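Q: Here the sequence shown is numbered in this note's numbering, starting from 0 and rising by one per residue.
Rather than coming from a laboratory, the hints here were simulated on the basis of the structure. Since the structure is predicted, the reported quantities are computational estimates derived from the model, not experimental observations. C-beta: ideal position from N, C-alpha, C; glycine also. Among the clues, some could well be false.
What the hints assert, rightly or not - Restraint ranges, calculated between C-beta atoms of paired labels, are given here: (1) R63 <-> V85: 27 to 37 Å; (2) Q93 <-> T5: 36 to 46 Å; (3) S3 <-> S46: 32 to 42 Å.
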Amino acid sequence: MSGSLTVIDITAAIAGALASGWLAIRAYMLKPAHPAWCDAPARVWWSLLALSVASGISALSIVRGGGHATAREALVLVVLAVTSLVMLENLNRQAPPPS
Numbered sequence: 000m001s002g003s004l005t006v007i008d009i010t011a012a013i014a015g016a017l018a019s020g021w022l023a024i025r026a027y028m029l030k031p032a033h034p035a036w037c038d039a040p041a042r043v044w045w046s047l048l049a050l051s052v053a054s055g056i057s058a059l060s061i062v063r064g065g066g067h068a069t070a071r072e073a074l075v076l077v078v079l080a081v082t083s084l085v086m087l088e089n090l091n092r093q094a095p096p097p098s
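Please build the complete structure, drawing on both the sequences and the hints.
A: Have a look at this one:
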């Protein structure tokens, strides 16, 4: 590991992990075989899943010592996490009523 984690590293790693989780949940909710939720083209599902994996890899690389996060990287991951949460909340708002 290249030194201890900075505040920017911790912020970026947490934001990347949250974004990864929220994007994966949203992708799962939109997967074509999940009939209770809205249908989405497969490319939307795969895109969300790919972004989830990339966010997770970014968070893991920071924590595992792949180098320190820059302020710009932390900002991008924080904005991605907030956007992911808003997208997930919006999908939940549009969910069909329980039967």
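Q: Next step is simple, just say for each hint if it's right about the structure.
A: Evaluated hints:
1. R63 <-> V85: 27 to 37 Å: holds (29 Å)
2. Q93 <-> T5: 36 to 46 Å: At 39 Å between Cβs, range holds.
3. S3 <-> S46: 32 to 42 Å: holds (35 Å)
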